[in-house]
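Below are the chains, spelled out letter by letter.
Protein chains: 2
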Amino acid sequence: MTNRTIGIIGGGQLGRMLAMAAARLNYRTIILEPQADSPAAQVANAQITAAYDDPEALAELAKLCDVVTYEFENVPVTAVERLAASVPVYPPAKALEVAQDRVTEKRFLNASGIETARFHAIDSQSDLEAALADFGGEGVLKTRRFGYDGKGQKVYRKGDTAEGGYAALGSVPLILESFVPFVREVSIIAARGADGEVRAYDPTENVHRNGILHTSTLPAAIPAQTANAAREAATRLLNGLDYVGVVGMEFFVLADGGLIANEIAPRVHNSGHWTEAACVVSQFEQHIRAVAGLPLGDPSRHSDCVMTNLIGGDIDSVPAWLARSNVLVHLYGKTEARPGRKMGHVTEIMSIKA
Amino acid sequence: MTNRTIGIIGGGQLGRMLAMAAARLNYRTIILEPQADSPAAQVANAQITAAYDDPEALAELAKLCDVVTYEFENVPVTAVERLAASVPVYPPAKALEVAQDRVTEKRFLNASGIETARFHAIDSQSDLEAALADFGGEGVLKTRRFGYDGKGQKVYRKGDTAEGGYAALGSVPLILESFVPFVREVSIIAARGADGEVRAYDPTENVHRNGILHTSTLPAAIPAQTANAAREAATRLLNGLDYVGVVGMEFFVLADGGLIANEIAPRVHNSGHWTEAACVVSQFEQHIRAVAGLPLGDPSRHSDCVMTNLIGGDIDSVPAWLARSNVLVHLYGKTEARPGRKMGHVTEIMSIKA
Chain A
1 MTNRTIGIIG GGQLGRMLAM AAARLNYRTI ILEPQADSPA AQVANAQITA AYDDPEALAE
61 LAKLCDVVTY EFENVPVTAV ERLAASVPVY PPAKALEVAQ DRVTEKRFLN ASGIETARFH
121 AIDSQSDLEA ALADFGGEGV LKTRRFGYDG KGQKVYRKGD TAEGGYAALG SVPLILESFV
181 PFVREVSIIA ARGADGEVRA YDPTENVHRN GILHTSTLPA AIPAQTANAA REAATRLLNG
241 LDYVGVVGME FFVLADGGLI ANEIAPRVHN SGHWTEAACV VSQFEQHIRA VAGLPLGDPS
301 RHSDCVMTNL IGGDIDSVPA WLARSNVLVH LYGKTEARPG RKMGHVTEIM SIKA
Chain B
1 MTNRTIGIIG GGQLGRMLAM AAARLNYRTI ILEPQADSPA AQVANAQITA AYDDPEALAE
61 LAKLCDVVTY EFENVPVTAV ERLAASVPVY PPAKALEVAQ DRVTEKRFLN ASGIETARFH
121 AIDSQSDLEA ALADFGGEGV LKTRRFGYDG KGQKVYRKGD TAEGGYAALG SVPLILESFV
181 PFVREVSIIA ARGADGEVRA YDPTENVHRN GILHTSTLPA AIPAQTANAA REAATRLLNG
241 LDYVGVVGME FFVLADGGLI ANEIAPRVHN SGHWTEAACV VSQFEQHIRA VAGLPLGDPS
301 RHSDCVMTNL IGGDIDSVPA WLARSNVLVH LYGKTEARPG RKMGHVTEIM SIKA
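Just so you know, the protein sequences line up as chains A and B, in that order.
End of the first sequence = 354 in our numbering, gap-free, step of one.
End of the second sequence = 354 in our numbering, gap-free, step of one.
Think of the hints as simulated: they come from the structure by calculation, not from any bench.
Warning: the hint list may mix true and false statements.
Some residues of chain A that are not near chain B, with every Cβ distance over 12 Å (derived) [said to hold, decoys possible]:
id: 1; residue: V155
id: 2; residue: G165
id: 3; residue: T217
Each pair of labels, with its calculated beta carbon distance range [unchecked claim]:
id: 4; chain 1: B; residue 1: V87; chain 2: A; residue 2: S317; range: 27 to 37 Å
id: 5; chain 1: B; residue 1: R107; chain 2: A; residue 2: G312; range: 46 to 56 Å
id: 6; chain 1: B; residue 1: G312; chain 2: A; residue 2: E197; range: 29 to 39 Å
Note that CB positions come from ideal geometry on N, CA and C, so glycine has one too.
In isolation and in its complexed conformation, chain A is listed as follows (with noise of 0.2 Å):
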């Protein structure tokens, strides 16, 4: 058991808890990360405290480093590719492109026989009338690129006016989603280890507020079926993307029980947070033991519990959810509590499985 290095892109909450994982595995981190004294750097080895797409910073890691990671969706591909010549890179730079344009998202999904929503790429003003007309005047208009936590987006309904809607997100390219008669949302984490083993979590369901997830309940209330065709997306995905690592996907459930997947995201994932509370191993051990080479660990689930994010303010309820019983308090070293900021979650553990 040697003390191997594993280098982390990003330095937020994720590569925090994937520090943490990372160490008590006895592998050294290094993050990289522009803003100094990150989340993730407080519990690191070091930080190389750069630009995610600085040339010199991504050469000293990959020197550094036995292998890297990242912990958001948004590094620059080029980034990737370029450490990639030098050091292993997981998950796949493949996934990234895939996961950060909506529209190469949604192809790959379809062409991997996982169903989404309907969609047309937008490039103009013309092609959003046409898009609104072929979805009877509704739909959600995007930006194909660097969206998260509902940020970039706009719906239409029925009688809405198309008129400037192309340049209101920035004339960038879009796209334009047909709505889903959703009556749930649940997500998946799983993971696909270098020898191609591919484990899943249970699927959690998700409440969203403001565009942001607020709770992961375990277990979601959906038929096994719903849960089984969930995990063989999660295993087309990955093996589709020949991936190593932890990835998150997300699902709309309807009425019938089918699914609909909505995105993936190439790493740990905030609905997996609850398997830190309610697993042997969480989904941030889940992803080092991956990315390392190392096997699987088993994703069994010894509780039922419900995660709650704490964005911006909440934090203020911190103290009082300490002071329940059977609730694992996480905070992620942030000082300033900006609104819409996630600060920390809160896991609790509803009962014993029997």
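Given chain A, put chain B in place with the hints provided.
Coordinates of chain B only, in the frame set by chain A:
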């Protein structure tokens, strides 16, 4: 929720696990430790690399921290007293004083109504001979101070010669303890909050090898009455010391279920490592909660489990442990696997409590 700073004296694995628990609750940590790049410093915000009793280093630690704690019981009491003049230090210096000297410890336990082995303080060869005569020629001779993991001990059986015994252990203050006819060894991890509340985890049954903890098993094979007696003893001890933080307390169990206190450790304890796998709030978080003035967490256990230490070359068994289900592997970031050195531990979740 401000991001306050906790100082930790000692940079070993206990400090490492405390630092990670502190990070999850938004505390920054600074380690005082003479060894550079210590296990704790790898996951802490900063390390002051200096001797534990270095006056300048202690002054710096006091200046930078809101509260200071320690991860081992051989911290110089003078250092803690010096610190305590300018920053709160928990557990209190009195606990260190009691734990650092086996005679003081037993006298304090006895005065608190907690039974121990019979003992004699030994300050000369003639003391040793008189004490052995009193115990029928049998007993365990130990140094009063700075013993751990079975080091600095000599066992006398009927017929052994006492000659040279005092000199053989260095002509330092010693203790002769009478044999206890125990059927098993248990320990209890308990915490006392700043408000005086006491909470205890379930007692564990411990097996030692070569004087070092080998396994801790939950539940311990003891009657409820014995478990309650362990909780009561811990509560008396903690209240008697006006303690704040986690304590580890080891007992011998007699055939009739009676308890004989063996020793106390004024810190998180190896026999409490299982709590990170089988409880929502681990002993490390519990200690951080106590010293930071937060409410104590629920010490309930959701699963039966067995913790096994990885000592020295046991580190080679890690790949096999990683390949098993329901095992949490936790390694300490030490590069050199010397014989007798604690390299990590594993906790197997054996069953789910109904």
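Quick rundown of the hints versus the structure:
1. V155: 35 Å, holds
2. G165: 41 Å, holds
3. T217: 17 Å, holds
4. B:V87 - A:S317: 27 to 37 Å: Holds - the Cβ-Cβ distance for B:V87 and A:S317, about 29 Å, lies within 27 to 37 Å.
5. B:R107 - A:G312: 46 to 56 Å: 54 Å, holds
6. B:G312 - A:E197: 29 to 39 Å: 31 Å, holds
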